[in-house]
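Chemist: The primary structure of each chain is shown beneath.
There are 2 protein chains.
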Amino acid sequence: MAQPEVSTAAEGDAVTRRKATPQALGSVLDSLRQHLPGRVETGEAVRRQHGHTLTWVPNIPPDAVVFAESTEEVAEIVRLCARHGVPLIPYGAGTSLEGHLNAPLGGISLDLSRMTRILEVNDRDLDVTVEAGVTREALESHLRDTGLFFPVDPGAREATLGGMAATRASGTTTVKYGSMRENVLSLRAVMADGRIIRTARRARKSAAGYDLTRLLVGSEGTLGIITELTLRLYGRPDAILAAVCPFAALDGACNAVIQAIQLGLGVARIELLDPLSIRAVNAYSKLALEEAPTLFLEFHGTKAALDEQITVFREIAEAEGALRFDWAAKPEERSRLWRARHDAFWALGHLRPGAEAVVTDVCVPISRLADCVAETEADIASEGFIAPLVGHVGDGNFHLVLLVDRKDSAERARAAAFLDRLVGRALAMGGTATGEHGIGMGKIAHMAAEHGPALAVMRAIKQALDPAGILNPGKILPPEDAGTG
Amino acid sequence: MAQPEVSTAAEGDAVTRRKATPQALGSVLDSLRQHLPGRVETGEAVRRQHGHTLTWVPNIPPDAVVFAESTEEVAEIVRLCARHGVPLIPYGAGTSLEGHLNAPLGGISLDLSRMTRILEVNDRDLDVTVEAGVTREALESHLRDTGLFFPVDPGAREATLGGMAATRASGTTTVKYGSMRENVLSLRAVMADGRIIRTARRARKSAAGYDLTRLLVGSEGTLGIITELTLRLYGRPDAILAAVCPFAALDGACNAVIQAIQLGLGVARIELLDPLSIRAVNAYSKLALEEAPTLFLEFHGTKAALDEQITVFREIAEAEGALRFDWAAKPEERSRLWRARHDAFWALGHLRPGAEAVVTDVCVPISRLADCVAETEADIASEGFIAPLVGHVGDGNFHLVLLVDRKDSAERARAAAFLDRLVGRALAMGGTATGEHGIGMGKIAHMAAEHGPALAVMRAIKQALDPAGILNPGKILPPEDAGTG
Numbered sequence: 001m002a003q004p005e006v007s008t009a010a011e012g013d014a015v016t017r018r019k020a021t022p023q024a025l026g027s028v029l030d031s032l033r034q035h036l037p038g039r040v041e042t043g044e045a046v047r048r049q050h051g052h053t054l055t056w057v058p059n060i061p062p063d064a065v066v067f068a069e070s071t072e073e074v075a076e077i078v079r080l081c082a083r084h085g086v087p088l089i090p091y092g093a094g095t096s097l098e099g100h101l102n103a104p105l106g107g108i109s110l111d112l113s114r115m116t117r118i119l120e121v122n123d124r125d126l127d128v129t130v131e132a133g134v135t136r137e138a139l140e141s142h143l144r145d146t147g148l149f150f151p152v153d154p155g156a157r158e159a160t161l162g163g164m165a166a167t168r169a170s171g172t173t174t175v176k177y178g179s180m181r182e183n184v185l186s187l188r189a190v191m192a193d194g195r196i197i198r199t200a201r202r203a204r205k206s207a208a209g210y211d212l213t214r215l216l217v218g219s220e221g222t223l224g225i226i227t228e229l230t231l232r233l234y235g236r237p238d239a240i241l242a243a244v245c246p247f248a249a250l251d252g253a254c255n256a257v258i259q260a261i262q263l264g265l266g267v268a269r270i271e272l273l274d275p276l277s278i279r280a281v282n283a284y285s286k287l288a289l290e291e292a293p294t295l296f297l298e299f300h301g302t303k304a305a306l307d308e309q310i311t312v313f314r315e316i317a318e319a320e321g322a323l324r325f326d327w328a329a330k331p332e333e334r335s336r337l338w339r340a341r342h343d344a345f346w347a348l349g350h351l352r353p354g355a356e357a358v359v360t361d362v363c364v365p366i367s368r369l370a371d372c373v374a375e376t377e378a379d380i381a382s383e384g385f386i387a388p389l390v391g392h393v394g395d396g397n398f399h400l401v402l403l404v405d406r407k408d409s410a411e412r413a414r415a416a417a418f419l420d421r422l423v424g425r426a427l428a429m430g431g432t433a434t435g436e437h438g439i440g441m442g443k444i445a446h447m448a449a450e451h452g453p454a455l456a457v458m459r460a461i462k463q464a465l466d467p468a469g470i471l472n473p474g475k476i477l478p479p480e481d482a483g484t485g
Numbered sequence: 001m002a003q004p005e006v007s008t009a010a011e012g013d014a015v016t017r018r019k020a021t022p023q024a025l026g027s028v029l030d031s032l033r034q035h036l037p038g039r040v041e042t043g044e045a046v047r048r049q050h051g052h053t054l055t056w057v058p059n060i061p062p063d064a065v066v067f068a069e070s071t072e073e074v075a076e077i078v079r080l081c082a083r084h085g086v087p088l089i090p091y092g093a094g095t096s097l098e099g100h101l102n103a104p105l106g107g108i109s110l111d112l113s114r115m116t117r118i119l120e121v122n123d124r125d126l127d128v129t130v131e132a133g134v135t136r137e138a139l140e141s142h143l144r145d146t147g148l149f150f151p152v153d154p155g156a157r158e159a160t161l162g163g164m165a166a167t168r169a170s171g172t173t174t175v176k177y178g179s180m181r182e183n184v185l186s187l188r189a190v191m192a193d194g195r196i197i198r199t200a201r202r203a204r205k206s207a208a209g210y211d212l213t214r215l216l217v218g219s220e221g222t223l224g225i226i227t228e229l230t231l232r233l234y235g236r237p238d239a240i241l242a243a244v245c246p247f248a249a250l251d252g253a254c255n256a257v258i259q260a261i262q263l264g265l266g267v268a269r270i271e272l273l274d275p276l277s278i279r280a281v282n283a284y285s286k287l288a289l290e291e292a293p294t295l296f297l298e299f300h301g302t303k304a305a306l307d308e309q310i311t312v313f314r315e316i317a318e319a320e321g322a323l324r325f326d327w328a329a330k331p332e333e334r335s336r337l338w339r340a341r342h343d344a345f346w347a348l349g350h351l352r353p354g355a356e357a358v359v360t361d362v363c364v365p366i367s368r369l370a371d372c373v374a375e376t377e378a379d380i381a382s383e384g385f386i387a388p389l390v391g392h393v394g395d396g397n398f399h400l401v402l403l404v405d406r407k408d409s410a411e412r413a414r415a416a417a418f419l420d421r422l423v424g425r426a427l428a429m430g431g432t433a434t435g436e437h438g439i440g441m442g443k444i445a446h447m448a449a450e451h452g453p454a455l456a457v458m459r460a461i462k463q464a465l466d467p468a469g470i471l472n473p474g475k476i477l478p479p480e481d482a483g484t485g
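Quick note, the sequences are listed as chains A and B, same order. For the first sequence, this note's numbering assigns the number 1 to the initial residue and increments by one for each residue that follows. For the second sequence, this note's numbering assigns the number 1 to the initial residue and increments by one for each residue that follows.
Hint data in this document are derived by calculation from the structure and do not stem from the laboratory. For each residue, glycine too, the CB sits at the ideal point set by N, CA and C. Among the hints, a few may not be true.
Stated by the list, open to error - Cut-off 20 Å, straight-line C-alpha distance, at most; resulting in silico cross-link-like pairs (DMTMM-like, lysine to aspartate or glutamate):
#1 B:Lys176 - B:Glu120
#2 A:Lys303 - B:Asp343
#3 B:Lys303 - A:Glu182
#4 A:Lys19 - A:Glu315
#5 B:Lys303 - B:Glu320
#6 B:Lys286 - B:Asp343
#7 A:Lys176 - B:Asp123
#8 B:Lys176 - B:Asp307
#9 B:Lys330 - B:Asp466
#10 A:Lys303 - A:Glu332
#11 A:Lys330 - A:Glu356
#12 A:Lys176 - B:Glu356
#13 B:Lys176 - A:Asp238
#14 B:Lys303 - B:Glu332
#15 B:Lys176 - A:Glu182
#16 B:Lys19 - B:Glu356
#17 A:Lys303 - A:Asp326
#18 B:Lys303 - B:Asp343
#19 B:Lys176 - A:Asp123
#20 B:Lys407 - B:Glu356
#21 A:Lys303 - B:Glu315
#22 B:Lys407 - B:Glu383
#23 A:Lys176 - B:Asp30
#24 A:Lys303 - B:Asp307
#25 B:Lys303 - A:Asp238
#26 B:Lys19 - B:Asp30
#27 A:Lys330 - A:Glu480
#28 B:Lys303 - A:Glu332
What the hints assert, rightly or not - Which stretches of chain B does chain A cover? Using the computed rule of at least three CB atoms under 8 Å from a CB of chain A, they are:
#29 31-44
#30 108-119
#31 218-226
#32 250-262
#33 326-336
Unchecked claim - Listed next, the stretches of chain B that the computed footprint assigns to chain A, with coverage defined by at least 3 CB atoms under 8 Å from CB atoms of chain A:
#34 62-71
#35 77-88
#36 283-296
#37 348-358
#38 397-408
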């Protein structure tokens with residue numbers, strides 16, 4: 001398991017000696033209070049909230065929190081911290097899952113949540129430029145009457161777009177629209193030396209030099225601090241249809257998805273819930289779905305195209321053992337269904353009150369999904385865990401919500417070993433440790449196994465762009481002595 | 001203009017001193033001849049062919065050519081060249097346009113065209129793994145009976161997939177399927193120290209660390225040598241319909257495209273040809289199209305969806321001044337039409353026999369396309385140039401084929417100034433100097449204006465990953481004293 005090793009490393013010699021001295025920290029905070037009066041917080045509650053983590057990575061709060069309101073302020077803060085060797089941890093909404101916001105080397109949480117301006121919507125170009133602190137929800141509201149929408153939907157409505165880019169977020173609509181990797185056109189960012197860059201022009205494509213946009217997307221604040229984003233927008237589809245489709249067996253559900261994708265049906269969301277998840281969702285969201293492996297589907301297109309696609313999908317699904325279809329054409333029904341799916345994280349927690357929910361997100365080639373899930377379900381059964389499964393099955397990505405009693409150290413150890421096996425299984429099938437949550441501190445121990453010799457290339461890039469290691473240290477890259485690469 | 005400055009720089013002090021010594025080159029060639037007998041060529045003709053360039057960047061041939069047949073051989077060759085400080089220039093099919101293959105510092109052309117194995121087709125995952133020397137055409141043939149296809153189509157059938165990834169190629173289908181940026185899932189590459197890496201797993205998405213795949217895509221062999229690629233495939237659409245649609249005016253054609261994209265119609269190709277291009281294509285391909293601004297269109301989808309989309313597109317186009325529609329539903333008619341479009345480069349050259357064709361590829365936000373084209377056409381008229389236009393209008397990307405008498409130095413100078421103005425105009429509109437051809441040597445002088453402070457970040461990455469500068473030196477990054485950044 002990742003967590004214990006990292007915590008140890010954070011307390012060990014190699015890392016501790018890179019911590020800022022109290023003098024350096026004091027100088028920085030004095031300067032900040034003078035230049036940005038009222039924007040520096042050092043209270044325990046604010047600090048703990050900024051080290052927030054939704055998994056069992058322990059909360060390691062920063063020494064202080066500073067609220068930036070413009071790119072230029074971010075650049076000033078970075079230059080100041082660089083001068084004194086004080087770590088900076090960019091903060092959006094605190095919805096990340098792998099301890100990305102922790103301060104294992106101390107330092108300052110740079111809160112960008114006040115950078116909430118929507119700078120420009122170009123309806124003819126289908127793009128929008130926003131500050132990093134704009135939330136998905138705020139953008140959705142802003143676009144409501146334009147006929148346009150931004151598709152990436154990781155579930156948390158309050159997630160900031162800056163944070164979503166930094167963690168390469170994806171979610172339920174990725175199967176059709178792609179993740180943040182495909183939907184960020186350009187970034188404005190502050191690099192470790194305080195330099196402000198724009199990674200690309202607003203043109204849809206370019207062959208001019210290295211792809212700095214995609215280098216920063218998913219870099220979790222370790223290479224630069226994203227302050228503005230230009231994002232792709234899409235015209236709202238003419239028609240949207242949602243459906244729930246329970247299957248006799250998991251295999252059938254997976255096979256139906258594979259065929260739907262092969263045929264290029266316009267499936268915009270295609271989510272798998274296992275019987276245990278269905279039970280939890282029924283209880284939490286007051287639904288009465290059958291407790292079977294179930295696909296939640298959403299189709300986007302014109303009305304005629306949807307009618308055709310649904311007919312095709314229905315044939316495929318019936319041949320694969322679908323038990324029934326329940327279509328939800330009305331917006332209210334559809335919203336209720338997808339709200340239930342997005343509330344699954346909270347619903348599943350109720351299956352074992354008092355337990356801690358550890359959410360995993362391995363992703364495998366879709367042809368291996370049924371195998372990976374079946375082997376994992378067998379492992380869960382043999383361990384006697386409660387671990388419902390919900391998955392972005394069109395991408396080969398699934399979440400287990402492993403409910404663990406964190407006070408029971410033997411159970412914790414068994415859980416850690418189980419999670420290691422899960423990642424090992426995914427890697428052996430050509431998959432990845434994380435489809436969408438990112439590495440942070442929580443999955444740092446898997447980086448060497450996943451990337452092998454490529455890890456050294458990542459280290460070289462980090463060293464080149466942040467030689468003093470002030471940008472979100474202790475994330476993504478394991479300590480050099482922790483493994484190969 | 002880029003070319004003269006670069007040629008000068010290549011002869012200047014700062015760069016010359018990084019040239020390999022004759023002794024170093026001799027040692028490398030001796031070793032190569034011993035380890036890879038029969039695979040080293042130093043004849044003038046082979047060398048010149050490997051410095052091939054389709055624009056007016058002068059041919060600067062390498063000192064030798066070596067043919068590699070496996071990733072492991074590439075790694076051996078890289079290690080050898082690294083030890084002796086000898087430049088290496090990866091070579092695929094020689095179809096690049098901006099002098100990417102030139103050897104301004106001498107060194108060895110590493111020819112990958114014999115690495116032609118198609119390693120694995122995964123029809124359930126819709127992906128394929130190939131060696132870098134596999135051509136688009138060979139992949140197309142291989143997939144013919146599978147119901148799958150690879151969409152990226154830059155025109156040149158003999159282009160290698162490795163070269164297409166290295167230059168971030170796109171083309172006529174990018175509006176629907178994306179460019180190499182979106183369609184490369186993973187790469188195997190040899191880095192400057194001979195290390196062999198794999199940039200990603202075969203899973204459709206991942207949030208595990210830095211996006212090395214997209215860092216290498218478009219890096220033109222300056223950061224690593226791509227030896228294998230895993231690419232996305234797509235199911236062949238049920239139905240394909242092509243059409244030719246002339247407009248009364250350019251504005252109308254651009255507006256129709258913008259609306260089609262806003263509505264999310266499944267336009268798979270949407271190409272603009274100006275009246276002069278139509279005249280040339282008619283003559284070259286024995287067609288009888290009206291000499292008007294014309295859209296060549298292709299729709300992919302199910303039959304019912306296409307009928308619906310075509311009706312919608314027709315309404316839009318008529319409102320924007322379309323003169324007529326000519327549908328080509330039969331595969332032969334469709335092939336003939338698109339062959340004519342893809343032969344346009346050769347057709348256009350015939351407009352001024354004996355002239356040299358300089359092909360540009362600026363790309364702007366689509367809302368600015370009509371402005372950019374109109375201003376450029378006015379500039380062409382006032383200069384009296386012959387410069388037909390063909391464009392990937394759905395991406396805001398257009399090619400001018402500027403026909404220049406290279407023996408007329410005054411005309412050459414006027415052409416160079418015109419090309420500078422064209423790039424300046426695109427940049428001022430939020431565009432890029434190159435939508436798809438890349439930087440190579442030909443556009444290197446525009447890098448500072450396009451990227452500003454971000455250019456230094458690119459330099460830092462190059463320095464970190466290839467400190468001795470042996471990988472395709474003199475490409476992408478201008479000499480440090482040549483401008484800002």
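Chemist: Hey, lysine 176 of chain B versus glutamate 182 of chain A, does the alpha-carbon distance stay inside 20 Å?
Modeler: holds, 13 Å
Chemist: Taken at face value, is the distance from the CA of aspartate 123 of chain A to the CA of lysine 176 of chain B at most 20 Å?
Modeler: Given pair lysine 176 of chain B, aspartate 123 of chain A holds - Cα atoms ~18 Å apart, limit 20 Å.
Chemist: Lysine 176 of chain A and glutamate 356 of chain B: Cα distance at most 20 Å?
Modeler: violated, 44 Å
Chemist: For the pair we were handed, lysine 19 of chain A and glutamate 315 of chain A, check the Cα-Cα distance against 20 Å.
Modeler: Roughly 61 Å separates the two Cα atoms, so the pair is violated.
Chemist: Please verify whether lysine 303 of chain B and glutamate 182 of chain A have alpha carbons no more than 20 Å apart.
Modeler: violated, 28 Å
Chemist: Okay, the stretch 62-71 of chain B and chain A, do three or more residues pass the C-beta test at under 8 Å?
Modeler: Contact hint for the stretch 62-71 of chain B vs chain A: violated, 0 residues under 8 Å.
Chemist: Is lysine 176 of chain B within 20 Å of aspartate 307 of chain B, Cα to Cα?
Modeler: holds, 18 Å
Chemist: Going straight from one Cα to the other, do lysine 176 of chain B and aspartate 238 of chain A come out at no more than 20 Å?
Modeler: holds, 18 Å
Chemist: Is the Cα-Cα distance between lysine 407 of chain B and glutamate 383 of chain B 20 Å or less?
Modeler: holds, 18 Å
Chemist: Is the Cα-Cα distance between lysine 19 of chain B and glutamate 356 of chain B 20 Å or less?
Modeler: Not satisfied, since the Cα-Cα distance of roughly 31 Å exceeds 20 Å.
Chemist: Tell me if the straight-line CA distance from lysine 303 of chain B to glutamate 332 of chain A falls inside 20 Å.
Modeler: violated, 31 Å
Chemist: Can you confirm whether the C-alpha distance between lysine 286 of chain B and aspartate 343 of chain B stays at or below 20 Å?
Modeler: holds, 12 Å
The structure is inconsistent with the numbered hints 1, 2, 3, 4, 5, 9, 11, 12, 16, 18, 23, 27, 28, 29, 30, 33, 34, 35, 36, 37, 38, although it conforms to all the rest.
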